[in-house]
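Trainee: Chains as they are written, first to last, in UniProt numbering: chain A, 1 to 489; chain B, 1 to 489.
Mixed in with the good hints there might be a few duds.
Given that identical chains are not distinguished, each listed pair holds provided it fits within a single copy or across any two copies.
Claimed, not checked - Simulated pairs of lysine-lysine, BS3-like, Cα-Cα distance not exceeding 25 angstroms:
#: 1; residue 1: K329; residue 2: K445
#: 2; residue 1: K56; residue 2: K329
#: 3; residue 1: K445; residue 2: K242
#: 4; residue 1: K56; residue 2: K174
#: 5; residue 1: K310; residue 2: K359
#: 6; residue 1: K174; residue 2: K402
#: 7; residue 1: K244; residue 2: K60
#: 8; residue 1: K329; residue 2: K359
#: 9; residue 1: K60; residue 2: K445
#: 10; residue 1: K275; residue 2: K359
The set of hints was computed from the structure by calculation and includes no laboratory data.
Number of protein chains: 2
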Amino acid sequence: MWQQVWWLLFGLETNSKLNKQPPCCRFASKAAPKTQVEFEYDGPSMKTEVPGPRSKELAKQLGEMQNVGAINFFCNYEESRGNYLVDVDGNRMLDVYTQISSIPIVHRSPLSLLSAFVNRPALGILPPENFPEKLAESLLSVSPSGMSRAQTMACGSCSNENAFKSMFIWYRNKERGHNNPSEEDIRSCMINQSPGCPNLSILSFMGGFHGRTMGCLATTHSKAIHKLDVPSFDWPIAPFPKLKYPLEEFTRENAQEEARCLEEVEDLIVQWRQKGRPVAGIIIEPIQAEGGDNHASPDFFRKLRNIAHKHGCAFHVDEVQTGCGATGKFWAHEHWGMEDPADIVSFSKKMLTGGFYHKDEFQPYRIFNTWMGDPSKNLLLAEVLNVIRRENLLEEVSRSGKALLQGLYQLQAQYPNLLSSARGVGTFCAVDIRDEATRNSILIKARDKGVLLGGCGDRSIRFRPALVFKEYHVHIFLNVFNDVLAEYN
Amino acid sequence: MWQQVWWLLFGLETNSKLNKQPPCCRFASKAAPKTQVEFEYDGPSMKTEVPGPRSKELAKQLGEMQNVGAINFFCNYEESRGNYLVDVDGNRMLDVYTQISSIPIVHRSPLSLLSAFVNRPALGILPPENFPEKLAESLLSVSPSGMSRAQTMACGSCSNENAFKSMFIWYRNKERGHNNPSEEDIRSCMINQSPGCPNLSILSFMGGFHGRTMGCLATTHSKAIHKLDVPSFDWPIAPFPKLKYPLEEFTRENAQEEARCLEEVEDLIVQWRQKGRPVAGIIIEPIQAEGGDNHASPDFFRKLRNIAHKHGCAFHVDEVQTGCGATGKFWAHEHWGMEDPADIVSFSKKMLTGGFYHKDEFQPYRIFNTWMGDPSKNLLLAEVLNVIRRENLLEEVSRSGKALLQGLYQLQAQYPNLLSSARGVGTFCAVDIRDEATRNSILIKARDKGVLLGGCGDRSIRFRPALVFKEYHVHIFLNVFNDVLAEYN
Chain A
1 MWQQVWWLLF GLETNSKLNK QPPCCRFASK AAPKTQVEFE YDGPSMKTEV PGPRSKELAK
61 QLGEMQNVGA INFFCNYEES RGNYLVDVDG NRMLDVYTQI SSIPIVHRSP LSLLSAFVNR
121 PALGILPPEN FPEKLAESLL SVSPSGMSRA QTMACGSCSN ENAFKSMFIW YRNKERGHNN
181 PSEEDIRSCM INQSPGCPNL SILSFMGGFH GRTMGCLATT HSKAIHKLDV PSFDWPIAPF
241 PKLKYPLEEF TRENAQEEAR CLEEVEDLIV QWRQKGRPVA GIIIEPIQAE GGDNHASPDF
301 FRKLRNIAHK HGCAFHVDEV QTGCGATGKF WAHEHWGMED PADIVSFSKK MLTGGFYHKD
361 EFQPYRIFNT WMGDPSKNLL LAEVLNVIRR ENLLEEVSRS GKALLQGLYQ LQAQYPNLLS
421 SARGVGTFCA VDIRDEATRN SILIKARDKG VLLGGCGDRS IRFRPALVFK EYHVHIFLNV
481 FNDVLAEYN
Chain B
1 MWQQVWWLLF GLETNSKLNK QPPCCRFASK AAPKTQVEFE YDGPSMKTEV PGPRSKELAK
61 QLGEMQNVGA INFFCNYEES RGNYLVDVDG NRMLDVYTQI SSIPIVHRSP LSLLSAFVNR
121 PALGILPPEN FPEKLAESLL SVSPSGMSRA QTMACGSCSN ENAFKSMFIW YRNKERGHNN
181 PSEEDIRSCM INQSPGCPNL SILSFMGGFH GRTMGCLATT HSKAIHKLDV PSFDWPIAPF
241 PKLKYPLEEF TRENAQEEAR CLEEVEDLIV QWRQKGRPVA GIIIEPIQAE GGDNHASPDF
301 FRKLRNIAHK HGCAFHVDEV QTGCGATGKF WAHEHWGMED PADIVSFSKK MLTGGFYHKD
361 EFQPYRIFNT WMGDPSKNLL LAEVLNVIRR ENLLEEVSRS GKALLQGLYQ LQAQYPNLLS
421 SARGVGTFCA VDIRDEATRN SILIKARDKG VLLGGCGDRS IRFRPALVFK EYHVHIFLNV
481 FNDVLAEYN
């Protein structure tokens with residue numbers, strides 16, 4: 001099959017339906033001889049103005065879901081061939097720009113269903129016809145509460161970087177009171193200076209992980225190896241609550257710890273405003289994953305959300321690791337029970353594409369790059385979401401997660417010198433091991449017995465099974481884990 | 001076919017070859033009832049130590065091409081099913097980590113040839129078996145001179161961001177004289193402070209474009225709209241030569257202008273070192289694309305390369321837009337005729353995947369993220385490169401480019417009040433229009449006649465056809481362009 005696909009995609013066969021007459025010559029003194037028979041059209045052919053009615057209709061549809069300011073027109077990649085790009089209104093254009101120079105060979109897609117994989121359109125300017133429909137079926141069908149717009153990106157770090165930019169732009173527009181930058185703004189930004197490149201900051205939490213590009217990295221504080229030797233920004237870092245588990249047994253102490261952290265957040269916002277680097281946004285994970293599976297209560301997040309409101313900071317929930325069902329709800333922030341949980345929710349990993357949801361006022365008109373994600377990932381995501389619904393996988397996750405956590409509690413009671421602080425929501429579980437060396441050796445012993453686990457924080461093991469991990473698998477895992485732990489007694 | 005693919009990928013059919021016996025129960029008081037017949041294995045099965053001999057062999061192969069420090073083992077994704085990941089030595093493991101939590105549903109890939117598209121492995125830790133081979137066939141088969149290592153990334157911005165990090169790490173290791181950070185380095189980096197997060201800089205050029213994430217954006221200086229409202233770094237910005245075209249007619253003046261810019265580069269390196277923000281690397285495009293198709297001579301780049309050597313700065317050539325054949329050579333920097341053109345060459349766009357080549361000493365052990373690119377793009381790239389070779393497309397580009405530039409010279413002579421500074425290498429051509437408004441209206445008129453063009457800089461039109469744009473297409477284009485220009489006379 002593969003060979004056939006490539007043959008169709010790249011073969012230079014003749015196609016008798018396509019006209020091969022040389023174009024009439026209006027400028028050049030001679031038409032170049034056609035030395036090769038080509039699998040394409042014989043010239044441009046225009047039927048409507050551009051964008052035509054169908055493009056306009058699709059732009060209206062897509063405009064409900066994301067910013068369409070940069071879109072030229074929608075494309076029919078199935079009909080596009082060789083050097084000719086065909087739009088959804090049947091206009092056929094000679095392409096001397098090739099998606100901002102990103103197409104190496106040609107538009108050529110005889111196998112329509114595979115065309116999303118082999119064409120990599122510049123989504124921000126020339127999306128395919130089915131893009132609004134696929135976006136609605138995939139990302140928009142699982143929008144967080146209060147958000148009906150999504151911007152796709154190629155990876156998790158790009159998602160957070162671009163979300164930060166949206167927050168900075170939103171904050172500066174709010175400060176200015178309008179969207180029109182001054183001459184001084186425009187001049188100074190070209191040389192990296194304020195006010196055009198303002199001294200704004202993002203408040204993050206110690207132990208948080210938000211990616212490894214330079215903006216993201218300034219908000220990542222989980223391991224030194226991620227940050228070492230890379231220049232950074234002077235941005236505020238708040239303490240994340242260090243809670244005792246199980247949470248329900250330590251409610252009073254944990255509430256005190258959370259209150260201490262929230263107070264510190266407010267202090268930092270005031271301090272950074274005073275030192276001329278106002279906090280434009282706050283970024284936080286619903287469960288600090290890379291940093292050691294650190295939980296906080298719904299009450300903590302509700303209060304933090306209010307602090308963001310009170311100080312005019314955007315509130316960005318990073319669901320790159322927690323999103324897409326692992327906690328038994330589609331988004332981990334749904335456990336907070338809020339109608340207005342965030343201004344921005346970023347995602348990646350299980351979602352197969354990176355990106356972020358945002359409220360209307362975070363119009364990312366200036367959020368742009370060549371690819372803006374990859375439409376093939378939307379197709380896959382739509383199907384993944386169908387399976388999640390059809391198989392009731394969120395219920396499955398809740399059921400398996402309960403069995404997993406109960407099993408960890410039992411093992412913790414059985415091996416009190418080895419295990420502590422078993423915790424989790426859904427199958428998003430973790431347990432602490434007595435020290436880092438033992439944790440690392442347990443990971444290897446489990447692998448040698450056929451179970452793949454991951455570490456996080458200094459001495460935790462994190463469980464991150466797929467959404468089809470059932471009670472049956474939980475027990476296979478617990479059997480192996482018990483065997484491993486027994487070797488340490 | 002699509003439906004069949006999905007059926008195979010996501011259907012939960014029974015498979016009589018797979019054993020469904022419940023596992024024996026060593027820990028749990030009861031084995032969970034199996035409520036669903038599953039398309040997977042019945043438990044782990046280990047055959048060798050992990051990594052086994054085949055994994056080790058592949059790691060050795062891949063180690064010749066990129067850093068393998070984080071790789072756990074190589075996977076056989078064809079044999080992996082449901083919750084079980086199978087490695088290349090036949091070990092079958094229950095997966096409770098799922099590629100750093102990035103697999104939503106399952107490993108399941110009955111159609112081996114499509115598995116690269118639907119599985120999205122975490123390449124840095126669990127690459128597929130054919131990854132070394134595909135990397136050798138694709139990226140490594142077109143390595144720039146002096147470079148035999150490549151790191152893939154998801155997009156152009158991530159490529160440059162991670163290349164910057166490689167340069168910073170390299171520079172700090174050089175300063176330290178060894179690779180072992182101090183306690184002070186480790187402590188300070190966690191809170192974004194120096195010396196752990198050092199005050200190093202990247203020198204860039206006015207008019208350059210290197211992407212839009214926050215590190216990249218600090219080196220991008222093409223349009224204010226890209227940079228406005230985003231905090232930045234105080235990094236040095238050198239002037240890029242403003243040359244007169246055709247280059248061969250103004251050699252003396254152009255050489256003076258280039259000498260002025262080179263002198264400024266050296267001054268900035270010294271100044272930034274003096275103010276405590278040493279220049280770790282220099283980034284430059286072989287032709288400034290987004291900034292207006294600004295050329296410089298091979299002599300300029302050779303001298304700039306020497307300045308980087310002299311001052312101990314890394315030299316990073318950004319070929320995101322110029323790479324992959326558009327100039328008639330595979331890499332634009334090949335026109336400089338140097339054996340040692342750069343320390344780092346980044347790419348994206350036409351290459352279908354982002355990434356960067358680097359010299360051995362820029363070992364990116366700490367360059368890591370979940371996806372590290374997308375192996376399906378390597379498969380596509382390998383095929384694209386085969387077509388480029390088989391069809392002699394680089395020769396085709398040189399031939400078409402010559403015809404295109406000759407045509408632009410003729411039109412420029414014909415419309416001297418409208419066109420100026422026609423220039424280009426291969427089909428990577430551009431021409432200036434008398435003012436921005438006219439340029440924009442020409443772009444629209446050409447589109448209405450069925451030719452897609454792009455602008456760059458303030459008033460240039462850039463030509464970026466695909467590699468199969470032949471002389472025949474050049475003449476179609478010139479005819480239409482002539483018709484458009486005639487409307488302005």
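Trainee: For every hint, state whether the structure bears it out.
Mentor: Verification of the supplied hints:
no., hint, verdict
1, K329 - K445, "neither (32 angstroms within a copy, 52 angstroms between copies)"
2, K56 - K329, "neither (37 angstroms within a copy, 40 angstroms between copies)"
3, K445 - K242, "neither (29 angstroms within a copy, 63 angstroms between copies)"
4, K56 - K174, "neither (31 angstroms within a copy, 56 angstroms between copies)"
5, K310 - K359, "within (18 angstroms within a copy, 51 angstroms between copies)"
6, K174 - K402, "neither (45 angstroms within a copy, 51 angstroms between copies)"
7, K244 - K60, "neither (51 angstroms within a copy, 45 angstroms between copies)"
8, K329 - K359, "within (21 angstroms within a copy, 46 angstroms between copies)"
9, K60 - K445, "between (56 angstroms within a copy, 24 angstroms between copies)"
10, K275 - K359, "neither (29 angstroms within a copy, 42 angstroms between copies)"
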